Amino acid sequence: MSVMDRRRFMQSSAALGLLSAWSQLLPPYARAALGPGAEMRVGGDRIGELVIARTPLEFGGRRGSAVTINGTVPGPLLRFREGETVTLRVTNRLEEDTSIHWHGLLVPSDQDGVPGISFPGIKPGETFTYRYPVRQSGTYWYHSHSAFQEQLGHYAPMIIDPAGREPFAYDREHVVLLSDWTFGDPHRMFLNLKKQAGFFNFQQRTVGDFFRDAREQGWRAAWQDRQMWGEMRMDPTDVLDVTGAALTYLMNGMPPELNWSALFKPGERVRLRFINSAAATFFNVRIPGLPMTVIQADGQNLMPVTVEEFQIGIAETYDVVVRPDERAYTVFAEAMDRSGYARGTLAPRPGMSAPVPPLRKRPLRSMADMGMEMDHGAHGAMNMQGGQAQKPMPGMDHGGHGTHGAQPMKPMTGMQSPIVARHGPDTHGPGNTSVAMAQRSRLGEPGIGLEQAGHRVLTYMDLKALEPGPDASRRPTREIELHLTGNMELFIWSIDGKKFSEAPEPIRVRTGERVRVTLVNDTMMEHPMHQHGVFMELDNGAGAQKPRKHTIIVKAGERLSYDFTYDEPGNFAFHCHVLFHMEAGMFRFFNVSGPSLWKEG
Amino acid sequence: MKRMRELLLLATAAAFVHGAQAAGEHAGGHGSADGHGKRQHGQSGAHASRAGEPGSAAQAKRTIDVVMGEPGEFRFAPERIEVKAGETVLFRARNAGKLAHEMVLGDAAELKAHAEEMRKHPGMVHKDASSLMLEPGRSGELAWKFTKVGEFEYGCLVPGHYEAGMVGKLLVK
Amino acid sequence: MKALAAALATLLFAASAAAQEKPFPLPPREWGEPVMDQPVFPFLLLDRIERRWQKGNDLRVWDVQGWVGGDYNKLWLKSEGKDEAGGRTGQADIEALYARLISPFWYLQAGVRYEERPSPSRTSLALGVQGLAPYWFKVDATLYLNEKGKASARFEAEYDFLLTQRLILQPLLETSFAASAEPERSVGRGFNDLELALRLRYEIRRQFAPYIGVTWSRKLGGTADLARAAGEDVTERAIVAGVRIWF
Numbered sequence: 003m004s005v006m007d008r009r010r011f012m013q014s015s016a017a018l019g020l021l022s023a024w025s026q027l028l029p030p031y032a033r034a035a036l037g038p039g040a041e042m043r044v045g046g047d048r049i050g051e052l053v054i055a056r057t058p059l060e061f062g063g064r065r066g067s068a069v070t071i072n073g074t075v076p077g078p079l080l081r082f083r084e085g086e087t088v089t090l091r092v093t094n095r096l097e098e099d100t101s102i103h104w105h106g107l108l109v110p111s112d113q114d115g116v117p118g119i120s121f122p123g124i125k126p127g128e129t130f131t132y133r134y135p136v137r138q139s140g141t142y143w144y145h146s147h148s149a150f151q152e153q154l155g156h157y158a159p160m161i162i163d164p165a166g167r168e169p170f171a172y173d174r175e176h177v178v179l180l181s182d183w184t185f186g187d188p189h190r191m192f193l194n195l196k197k198q199a200g201f202f203n204f205q206q207r208t209v210g211d212f213f214r215d216a217r218e219q220g221w222r223a224a225w226q227d228r229q230m231w232g233e234m235r236m237d238p239t240d241v242l243d244v245t246g247a248a249l250t251y252l253m254n255g256m257p258p259e260l261n262w263s264a265l266f267k268p269g270e271r272v273r274l275r276f277i278n279s280a281a282a283t284f285f286n287v288r289i290p291g292l293p294m295t296v297i298q299a300d301g302q303n304l305m306p307v308t309v310e311e312f313q314i315g316i317a318e319t320y321d322v323v324v325r326p327d328e329r330a331y332t333v334f335a336e337a338m339d340r341s342g343y344a345r346g347t348l349a350p351r352p353g354m355s356a357p358v359p360p361l362r363k364r365p366l367r368s369m370a371d372m373g374m375e376m377d378h379g380a381h382g383a384m385n386m387q388g389g390q391a392q393k394p395m396p397g398m399d400h401g402g403h404g405t406h407g408a409q410p411m412k413p414m415t416g417m418q419s420p421i422v423a424r425h426g427p428d429t430h431g432p433g434n435t436s437v438a439m440a441q442r443s444r445l446g447e448p449g450i451g452l453e454q455a456g457h458r459v460l461t462y463m464d465l466k467a468l469e470p471g472p473d474a475s476r477r478p479t480r481e482i483e484l485h486l487t488g489n490m491e492l493f494i495w496s497i498d499g500k501k502f503s504e505a506p507e508p509i510r511v512r513t514g515e516r517v518r519v520t521l522v523n524d525t526m527m528e529h530p531m532h533q534h535g536v537f538m539e540l541d542n543g544a545g546a547q548k549p550r551k552h553t554i555i556v557k558a559g560e561r562l563s564y565d566f567t568y569d570e571p572g573n574f575a576f577h578c579h580v581l582f583h584m585e586a587g588m589f590r591f592f593n594v595s596g597p598s599l600w601k602e603g
Numbered sequence: 098m099k100r101m102r103e104l105l106l107l108a109t110a111a112a113f114v115h116g117a118q119a120a121g122e123h124a125g126g127h128g129s130a131d132g133h134g135k136r137q138h139g140q141s142g143a144h145a146s147r148a149g150e151p152g153s154a155a156q157a158k159r160t161i162d163v164v165m166g167e168p169g170e171f172r173f174a175p176e177r178i179e180v181k182a183g184e185t186v187l188f189r190a191r192n193a194g195k196l197a198h199e200m201v202l203g204d205a206a207e208l209k210a211h212a213e214e215m216r217k218h219p220g221m222v223h224k225d226a227s228s229l230m231l232e233p234g235r236s237g238e239l240a241w242k243f244t245k246v247g248e249f250e251y252g253c254l255v256p257g258h259y260e261a262g263m264v265g266k267l268l269v270k
Numbered sequence: 062m063k064a065l066a067a068a069l070a071t072l073l074f075a076a077s078a079a080a081q082e083k084p085f086p087l088p089p090r091e092w093g094e095p096v097m098d099q100p101v102f103p104f105l106l107l108d109r110i111e112r113r114w115q116k117g118n119d120l121r122v123w124d125v126q127g128w129v130g131g132d133y134n135k136l137w138l139k140s141e142g143k144d145e146a147g148g149r150t151g152q153a154d155i156e157a158l159y160a161r162l163i164s165p166f167w168y169l170q171a172g173v174r175y176e177e178r179p180s181p182s183r184t185s186l187a188l189g190v191q192g193l194a195p196y197w198f199k200v201d202a203t204l205y206l207n208e209k210g211k212a213s214a215r216f217e218a219e220y221d222f223l224l225t226q227r228l229i230l231q232p233l234l235e236t237s238f239a240a241s242a243e244p245e246r247s248v249g250r251g252f253n254d255l256e257l258a259l260r261l262r263y264e265i266r267r268q269f270a271p272y273i274g275v276t277w278s279r280k281l282g283g284t285a286d287l288a289r290a291a292g293e294d295v296t297e298r299a300i301v302a303g304v305r306i307w308f
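Residue numbers (the numbering used here), protein chains in the order written: chain A, 3 to 603; chain B, 98 to 270; chain C, 62 to 308.
Please note that a few of the clues may not be correct.
Unchecked claim - Straight-line alpha carbon distances no greater than 30 Å define the calculated DSBU-like cross-link-like pairs of lysine-lysine that follow:
| no. | chain 1 | residue 1 | chain 2 | residue 2 |
| --- | --- | --- | --- | --- |
| 1 | B | K224 | A | K267 |
| 2 | B | K195 | A | K466 |
| 3 | B | K245 | A | K267 |
| 4 | A | K466 | B | K181 |
| 5 | B | K224 | B | K195 |
| 6 | B | K270 | A | K363 |
| 7 | A | K601 | B | K224 |
| 8 | A | K197 | C | K199 |
| 9 | B | K270 | A | K267 |
| 10 | A | K196 | C | K199 |
| 11 | A | K466 | B | K245 |
Stated by the list, open to error - The calculated label-pair distances, taken between Cβ atoms and stated as ranges, are:
| no. | chain 1 | residue 1 | chain 2 | residue 2 | range |
| --- | --- | --- | --- | --- | --- |
| 12 | C | V101 | A | K601 | 47 to 53 Å |
| 13 | C | P89 | A | G291 | 53 to 59 Å |
| 14 | A | F185 | C | A302 | 49 to 55 Å |
| 15 | A | R43 | C | Y263 | 53 to 59 Å |
| 16 | C | R178 | A | G220 | 28 to 34 Å |
| 17 | C | L136 | A | M417 | 43 to 49 Å |
| 18 | A | S475 | B | A197 | 56 to 62 Å |
| 19 | C | P89 | A | I49 | 51 to 57 Å |
| 20 | A | E98 | C | S180 | 24 to 30 Å |
| 21 | C | S241 | A | E218 | 54 to 60 Å |
| 22 | C | G210 | A | F185 | 56 to 62 Å |
| 23 | A | G232 | C | R266 | 22 to 28 Å |
Everything labelled a hint here was simulated from the structure, so no lab data went into it.
If you're wondering where the values come from, they're calculated on a predicted model, not measured in any experiment.
Where is the CB? At the ideal position from N, CA and C, for every residue including glycine.
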């Protein structure tokens, strides 16, 4: 069925209140209207059968080929219950290897699904059986860890119901899975990024922009600004490597024109499980006219905090509760660089829609992103030689705002975030372009472009675990510092200046050892760092209530720390979750030795 | 003609302001737009509730036990209560959760508006006859006379709690 | 006595075993790599394939380069030249270089150059740098030492002005220098020539951009004298049109 036919059918059937299975490619829950819709409940005797195959995909008059799980993009919603053991048989019908990684789940090393680290991968024609106990609850997702399959549709949501009752109450829930789709070949896109920096960036600064800036800010300021960036050979419009020029943004597998819709009964509280399963995109999520109360991040319960907008990095999840009035709302997910958006509708009746807000102005990188100290003036040139190494100042106030829930007087911007350390002389080799001379704690900032949003935006400082973790107050006995590095001109991405293939050794730790990892982002792009097999407890000043996350966005020029304790031995991957960065070399693994410290039941 | 319009506008504005006050805004500095709520409060004000009026424990014909923070932190047990119009009820509340919670009586609209206020002015402390605030582990009592028939709610208005679902249905028959 | 010795041995064994617990084995090589971060791939840039119209004759001009390799090491080939429509002199050379990334923005290149025209042909050793200079100038600078022991150098710099996201104005400067004269090849001592050009390209795709432009070139010093002696023009102005393609 062509896209136009499909759309007309969708509109008419929606008007009739009928939502039948009109698309072979969209799973039932993605067109959920009233109620949770069909999903795959797995656990105990109920075995999950997943088949990975290539399936034609079409919308907007264009044809592509997706890598699908059970024939849909996104794949089926898996539903587990905490405490049960799940068995999943995954069959590979592709002509290349595949894999499934259960993102955010604490599973034994050989069930983690990373080819080359956990297991050899699933060969074409092979069926691999995963089997592991479910140790947690919340919203998660699962996806391929092979080549660029994740960019081509190999991702899907997962809900794990708690063993006991939820601490929150709501009447209805919907999964809102955000992703990005390309009709092109991701491998070719990767090579194009290596051949020409800014290949997908059609928001670069032109000669006209210079004259406009000169008119608005004065000739001197505009010239000095161009001079500063020119000296560094950095592009301040470089926000996302792959943009709306090549990507279509999807909400539950549907592009904006297909308007994914979710229904509710007036007066209900609705839980929205937001998942960012894009390969290359961060989103700014808001529902104009409807505040959202954030109750979970990365599947972990939080002290509820109400905001109007949040930035969700690749691989993160946020669960919110909303209480809509009796009208339609647009669920708006703007790409972080404002080059496109995904959207859907939350409405009391089918066929409704609300106005879609216009895209906001594209954000620009700042001097704080470059790890510079001065806002303007003097040759704050990138000091390639480095300066004196300084130890991070202990007990630094990470931009603390005082009481929980208190609104800051002014939104935080990069230059307001405190400098907590300075870079030493090591510039990490030719594979790395620059270093953050002034490393900042930026946990109080909402994310690039959202500093002057005009309404409350979530920051990492707002995240406080509802229940402190078992090890939360334990002090680390070991500290590891890792620098996130890269060469933007040649699209080389690395850790400490070395790609994975150049890294000599894995990071060796032991079970039961409490380790502190400090990440310093020497690049001017955000990196969502994901550690497999354990929760990263982010030190955001909340003490014993520091949030547990599986993916932490490290902002440009930022220095942050997190603690963790592995309780199972094995090899566990650690990498940037921007797919192209990971494939370019921003990847390591932890080798965890020692006895298993976790017992079932 | 212009004068008439001006007068009409003034009258409407006055009616609006009056109406807003009747909806139960806190007395004293509450609605002000500047500064943190913290500094402006410390004043308690009578907060009228549409669910009825404060009653006396002696007149209470019925006692209802309510647990805050059960079965989950942001929930009440029970989640649904039915009473008769004209009845005076003594609510015996216990906070079984790990956080401070309160129980505020009112209809959905006023609780929602009040929750919005709390969100904008966190740290605001208020003592109303229609609400009971308890630290974890503590117990307390609230006596209330239900004068009107209708659907009401009892909710916790600590910022974020109401939104996270900490509310129960109160049916007055 | 034996029992005691046995007990002691067991105790010692247990203690040593606990002390050096086996580390968790690393993933075996047969499992492959989790990420393919060392792609070796080719790149071909037909930077200028153009027609030049100047007083007296038309030229076909090319400037192409390509490489194959990874991030740090590449095998680089370059060729540039002019073909006179009349078929007279013209220039053509080709270079084969090994390139190594020595700093974030610069490759160090070393190899050989074969100059076919103007004749007599020459082979030289080449050593140079190519990359992005501060303020976004694309620079290519090379030193040569030819088989006759004569040293020379070539320098090229270009800059991209974005008029729109796809319409780009590119000024270019190219100059060459010879340490000693080679009159048989019409080369004088010192700076030989200077070319300034302005090209306006429209990127229909990133990889495909037709352009038009103007060039101005002038022979200098000893080279100019040699040209005048041969009755040739010292200064040339031309209009150009061509295409820039890369793969």
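Requested in this report: Determine whether the Cβ-Cβ distance between A:F185 and C:A302 falls within the hinted range of 49 to 55 Å.
Outcome: 33 Å, violated
Query raised in the report: Between C:V101 and A:K601, does the C-beta distance stay in 47 to 53 Å?
Result: Given about 48 Å between the Cβ atoms, the range holds.
Report task. Take a quick look at whether B:K224 and A:K267 sit within 30 Å of each other, Cα to Cα. Result -> 34 Å, violated
Query raised in the report: If you draw a straight line from the CA of A:K466 to the CA of B:K245, is it 30 Å or shorter?
Result: 41 Å, violated
Query raised in the report: Is 24 to 30 Å right for how far apart the beta carbons of A:E98 and C:S180 are?
Result: For A:E98 and C:S180 the Cβ distance comes to about 53 Å; the hint is violated.
Query raised in the report: Is the gap between the beta carbons of C:P89 and A:G291 within 53 to 59 Å?
Result: 56 Å, holds
**Report entry** C-beta pair A:R43, C:Y263: status relative to the range 53 to 59 Å that was hinted
**Finding:** Because 56 Å falls inside the window, the suggested range holds.
Query raised in the report: Is B:K224 close enough to B:K195, meaning Cα to Cα at most 30 Å?
Result: OK: B:K224 and B:K195 at ~21 Å, within 30 Å.
Query raised in the report: Can the restraint linking B:K270 and A:K267 be considered satisfied, given a maximum Cα separation of 30 Å?
Result: Distance of about 24 Å is within 30 Å: holds.
Requested in this report: Below or equal to 30 Å on CA atoms is what counts here, so check A:K601 against B:K224.
Outcome: With Cα atoms ~48 Å apart, A:K601 and B:K224 exceed 30 Å; violated.
Query raised in the report: Is B:K270 close enough to A:K363, meaning Cα to Cα at most 30 Å?
Result: 54 Å, violated
**Report entry** Given pair status - A:K267, B:K245, alpha carbons within 30 Å
**Finding:** 26 Å, holds
The structure does not agree with the numbered hints 1, 4, 6, 7, 11, 14, 16, 18, 19 and 20 stated previously, though it agrees with the rest.
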